[in-house]
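Work out the full structure, taking the sequences as your base and the hints as a guide.
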Amino acid sequence: MTARGAISTRAAAGLIVFLALVAAVVAVALHDPIGRRGNRLGRDFAYETKDLRPIPPDLIRYAERAAFDAGLAVPRAIAVDAGDKIYVAGDRAVVWFTTHGAPAGARALDGEPTCLAVGADGTWHVGLGGHVEVFDPAGARAAAWTPHGARSYITAIAAAPDAIFVADAGERLVLLYRPDGAFVRPIGGRDAARAIPGLVVPSPFLDLAMGKDGLLRVTNPGRRKVEAYSLEGDLCFAWGEAGAAIDRFCGCCNPVHLAVLPDGALVAAEKGLATVKVCEPDGALRCVVAGPDLLGENALGCDVAVDSRGRIVVLDPAAKKVRIFEPAPPGGSRSQETGSAHE
Amino acid sequence: MSDHETTPIPRRGFMRAAARAACALGIGGGAAYLVAPRTPGERVWQIDPEKCIACGNCATYCVLRESAVKCVHSFAMCGYCELCTGFFNPSPNDLTTAAENVLCPTGAIVRRFVEDPYFEYTIDQNLCIGCGKCVKGCKMFGNGSLYLQVIHDRCLNCNQCSIAAACPSEAWVRVPAARPHLWKKVT
Amino acid sequence: MRFPIVPTLALVAILSGGRAAAEQRFPPPDFSPGYSLPVTEAQGAPARADARGYIDAAVLAGALALASYLALGRRSRRGLVLLGLGSLAYFGFYRHGCICPVGAVQNVVLAITDPGYALPLTAALFFALPLLFTLFFGRAFCAAVCPLGAVQDVVLASPVAVPGWLARALGLVPFVYLGAAVLLVATGSTFLICRYDPFVGFFRLSAGLDLTIYGAALLIIGVFVGRPYCRFLCPYGALLGLVSRLSWRRVTITPAECVRCRLCEDACPFGAITTPSPETPPARRAGKTALAVTLLALPLLMGLGALAGRALSPAFAHTHATIRLAERVWLEEAGEVEGTTDQSDAFRATGLALDDLYLAAGALRARFDTGTTILGVFAGLAAGATLLRVSLRRTRRDYEADPALCLACGRCYRYCPVETDRGKRHRKPREAAP
Numbered sequence: 001m002t003a004r005g006a007i008s009t010r011a012a013a014g015l016i017v018f019l020a021l022v023a024a025v026v027a028v029a030l031h032d033p034i035g036r037r038g039n040r041l042g043r044d045f046a047y048e049t050k051d052l053r054p055i056p057p058d059l060i061r062y063a064e065r066a067a068f069d070a071g072l073a074v075p076r077a078i079a080v081d082a083g084d085k086i087y088v089a090g091d092r093a094v095v096w097f098t099t100h101g102a103p104a105g106a107r108a109l110d111g112e113p114t115c116l117a118v119g120a121d122g123t124w125h126v127g128l129g130g131h132v133e134v135f136d137p138a139g140a141r142a143a144a145w146t147p148h149g150a151r152s153y154i155t156a157i158a159a160a161p162d163a164i165f166v167a168d169a170g171e172r173l174v175l176l177y178r179p180d181g182a183f184v185r186p187i188g189g190r191d192a193a194r195a196i197p198g199l200v201v202p203s204p205f206l207d208l209a210m211g212k213d214g215l216l217r218v219t220n221p222g223r224r225k226v227e228a229y230s231l232e233g234d235l236c237f238a239w240g241e242a243g244a245a246i247d248r249f250c251g252c253c254n255p256v257h258l259a260v261l262p263d264g265a266l267v268a269a270e271k272g273l274a275t276v277k278v279c280e281p282d283g284a285l286r287c288v289v290a291g292p293d294l295l296g297e298n299a300l301g302c303d304v305a306v307d308s309r310g311r312i313v314v315l316d317p318a319a320k321k322v323r324i325f326e327p328a329p330p331g332g333s334r335s336q337e338t339g340s341a342h343e
Numbered sequence: 001m002s003d004h005e006t007t008p009i010p011r012r013g014f015m016r017a018a019a020r021a022a023c024a025l026g027i028g029g030g031a032a033y034l035v036a037p038r039t040p041g042e043r044v045w046q047i048d049p050e051k052c053i054a055c056g057n058c059a060t061y062c063v064l065r066e067s068a069v070k071c072v073h074s075f076a077m078c079g080y081c082e083l084c085t086g087f088f089n090p091s092p093n094d095l096t097t098a099a100e101n102v103l104c105p106t107g108a109i110v111r112r113f114v115e116d117p118y119f120e121y122t123i124d125q126n127l128c129i130g131c132g133k134c135v136k137g138c139k140m141f142g143n144g145s146l147y148l149q150v151i152h153d154r155c156l157n158c159n160q161c162s163i164a165a166a167c168p169s170e171a172w173v174r175v176p177a178a179r180p181h182l183w184k185k186v187t
Numbered sequence: 001m002r003f004p005i006v007p008t009l010a011l012v013a014i015l016s017g018g019r020a021a022a023e024q025r026f027p028p029p030d031f032s033p034g035y036s037l038p039v040t041e042a043q044g045a046p047a048r049a050d051a052r053g054y055i056d057a058a059v060l061a062g063a064l065a066l067a068s069y070l071a072l073g074r075r076s077r078r079g080l081v082l083l084g085l086g087s088l089a090y091f092g093f094y095r096h097g098c099i100c101p102v103g104a105v106q107n108v109v110l111a112i113t114d115p116g117y118a119l120p121l122t123a124a125l126f127f128a129l130p131l132l133f134t135l136f137f138g139r140a141f142c143a144a145v146c147p148l149g150a151v152q153d154v155v156l157a158s159p160v161a162v163p164g165w166l167a168r169a170l171g172l173v174p175f176v177y178l179g180a181a182v183l184l185v186a187t188g189s190t191f192l193i194c195r196y197d198p199f200v201g202f203f204r205l206s207a208g209l210d211l212t213i214y215g216a217a218l219l220i221i222g223v224f225v226g227r228p229y230c231r232f233l234c235p236y237g238a239l240l241g242l243v244s245r246l247s248w249r250r251v252t253i254t255p256a257e258c259v260r261c262r263l264c265e266d267a268c269p270f271g272a273i274t275t276p277s278p279e280t281p282p283a284r285r286a287g288k289t290a291l292a293v294t295l296l297a298l299p300l301l302m303g304l305g306a307l308a309g310r311a312l313s314p315a316f317a318h319t320h321a322t323i324r325l326a327e328r329v330w331l332e333e334a335g336e337v338e339g340t341t342d343q344s345d346a347f348r349a350t351g352l353a354l355d356d357l358y359l360a361a362g363a364l365r366a367r368f369d370t371g372t373t374i375l376g377v378f379a380g381l382a383a384g385a386t387l388l389r390v391s392l393r394r395t396r397r398d399y400e401a402d403p404a405l406c407l408a409c410g411r412c413y414r415y416c417p418v419e420t421d422r423g424k425r426h427r428k429p430r431e432a433a434p
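Residue numbers (the numbering used here), protein chains in the order written: chain A, 1 to 343; chain B, 1 to 187; chain C, 1 to 434.
No wet-lab data here; the hints were simulated from the structure.
Where a beta carbon is used, it is the ideal one built from N, C-alpha and C, also for glycine.
The hints are all genuine.
If we take Cβ atoms under 7 Å as the criterion, some of the chain A residues that face chain B in the derived model are:
1. Pro33
2. Ile34
3. Gly35
4. Asn39
5. Asp44
6. Phe45
7. Thr49
8. Leu52
9. Val200
10. Pro202
11. Ser203
12. Ala242
13. Ala244
14. Cys252
15. Glu297
16. Ala299
Think about it this way: if two alpha-carbon atoms lie no more than 20 Å apart in a straight line, the pair counts; the simulated EDC-like pairs of lysine to aspartate or glutamate are:
17. B:Lys185 / B:Asp48
18. A:Lys85 / A:Asp136
19. B:Lys185 / B:Glu120
20. B:Lys185 / C:Glu41
21. B:Lys184 / C:Glu41
22. B:Lys184 / B:Asp124
23. B:Lys184 / B:Glu170
24. A:Lys50 / C:Glu338
25. A:Lys320 / C:Asp345
26. A:Lys50 / C:Asp345
27. A:Lys320 / C:Asp356
28. B:Lys185 / C:Asp30
29. A:Lys320 / C:Asp355
30. A:Lys212 / A:Asp234
31. A:Lys320 / A:Asp91
32. B:Lys185 / A:Glu112
33. A:Lys212 / A:Asp307
34. A:Lys50 / C:Asp342
35. A:Lys320 / A:Asp69
36. A:Lys50 / B:Glu100
37. A:Lys50 / A:Asp247
38. B:Lys184 / B:Asp48
39. A:Lys212 / A:Asp121
See below:
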């Protein structure tokens, strides 16, 4: 090989090496091992709820007037007594607050509470997993009832003067007790003869509330319905449709919590796209209290309660807060929601 | 070799031999020390389902063209819902298995009627790509019984898992090979 | 190294995360008899058996022994090539290049710095065996056992000599790479070596476009520049180079006495052949001055390295997920960025306190500050050591293979007339035998 040939070969090799070096440096610089570019999967692979979230502003006729920390790691249930004191159960305790949200007391429990009801006489009924414990207004334990069944899991209690209703999500039944703890009858079990389809409870959410018309309202989340039962256990009527529209119950297993307003309307809470709405006793949508913009997207379920003045008290388990809503002109809650959305 | 070099060599050779022995002891002993006191056996990669946010990175960051991550189903946690939000679109036209109602982009979830009102959902792992779309739907509305796991007959168990490096929620952990899955349990 | 305990605990709290609030304590539906729940566990698969790792380690040991024999005993280039191809096929394409001794360095460091990590026996063997073999027989591992080396050896078609100064300068890169990899493992960031392994994508026949280009570019360079990864990047090669200086036996170009024929001068594509010292040595005085200057420069280099390392600390710190997360969350909280990321959403979903995150990130940052400073000092030390080696000229009478640079590939054997002569003498009686 001539000297010139050798030189041009070397030059060509040098050029190729240089170009390859540039390519290598660029490739290394572009490499994204930490997932900065995301999964690059495209729309078909994304779970999109954006289109389901918006709520017509004229339907939002409540505004958040106050919010305070529940002070519990896992708050589970909320109740309001006749004097509008607010009780929250969670962790292994019940804590209570004044009507304005100032801490007023706490009582430790022997287990993790799953639900809570405070009767007109101030007696507490606390669900502790499979059984109910009764506390007198001073907080002393008065009784502990035996579980109804091996699978019992109590998710809601409603106290009427002469009856205690217990929602047993594990046994898929509502249990009617006398105040002294004597079991009267189950309600809501599947019964073809009485045309009762049965409660479908896929997850630990089964709630009930005593309607102003004397009928017990029970959620049937697996069928996306609210059912009205007489105290004898007859299914009087049921309402609720599945769907993403605001007047329907969205996704599986909704609604999850109920409360009754002084005028008899029902407050229903949904999980998933967490929403609290007010429905007429026959099921027609009246208005919306708050939607996922404020309450978030999760399967935790916001427990709801109503005080004597018609304020709606919502336990937000994601933010671990108690939120108090009052009626407001349509759309008025918008600024409130954006104002407190960023915790 | 000339004479004047013969004297330094033994000393030098001795020093080298000593250094070599020390080095060998260091490497061998160090490795043995690190292995000996804690031998719970080999470790393999797994996803902690409690931390997983189903971001979809598992589908695309695996070094395998078909990710070793698949969706699994803890049946004991499932509600067997008629309207499963892990199976149906958020807003299905109808509760049937028609393609336009179905969430899974690869059709990997099989829905089977058990008895009124219950339906069983199983994952066809040959179709599942581990994108986690159903996981999000199940977690958001339901019980979270669908979740992602590394399937070990597919996983190469790379020294540095490239999905783990790209995981936004630090859900990837090394677990003992004897119990290589983190099944969700009904407690 | 000792780290403050309190921040480490905070870090553990961050990393272990908060458990989801809603515990599932709920029985499945009451099915009529005849339906039984499918077995959840049947969807999994048992982890691959440990035995495979031990077989790999045994194959490694066997290949190392064979390579050492071929390089030193048989002096067979052909045997080394065949063994290299075999290793490429087994460790590369069959076992997908993982785990490899280069990456095992990181497992060892992790086992030292993270008490929760147990070093698998396979990783320990992959780390230690090549080092031990090198300590006794030179870098036969590089010659014919490492699949990364073998794939580069295959493509080396038209070697071009790299200028000595450039080769020495680039030879520092592996030390910096090793130091950086150790730092990133010790801080719990990542396995840098595995992330930027250029050829593992080829072994698995699946890699992203970026790393495919990276690997292909290295192979193209490797057509002209002998084994660019081994010489100018491989962090394990840096360790092997150090260890091989102490090796008991090593490759010699000639099997007997060097006749200084200069035939082998250009034989080595890796620039590992050192030429004899000039007949008239440079003035003692000049040599002494150079040595003194270098010795004085050493602390200066280390100091500069420390400053540079400290300045690069934020860049290194950014490789750590917790620090990235803390920075992102900080910016979001301060309203300096719009929206959230998957990372920040996931963190908020855990319900952990912001202050704990910031505390953990702060502690990690401090570790990075220390670590990058040490890394800088180490890089300065490596550079100084290289200068020192240049100025410390030992008198060499023969053509020799530099123990640190020689990859024991055996290419030079056939250039040596003494070897050829020996080969003839060996072959003759055999040919005559039948």
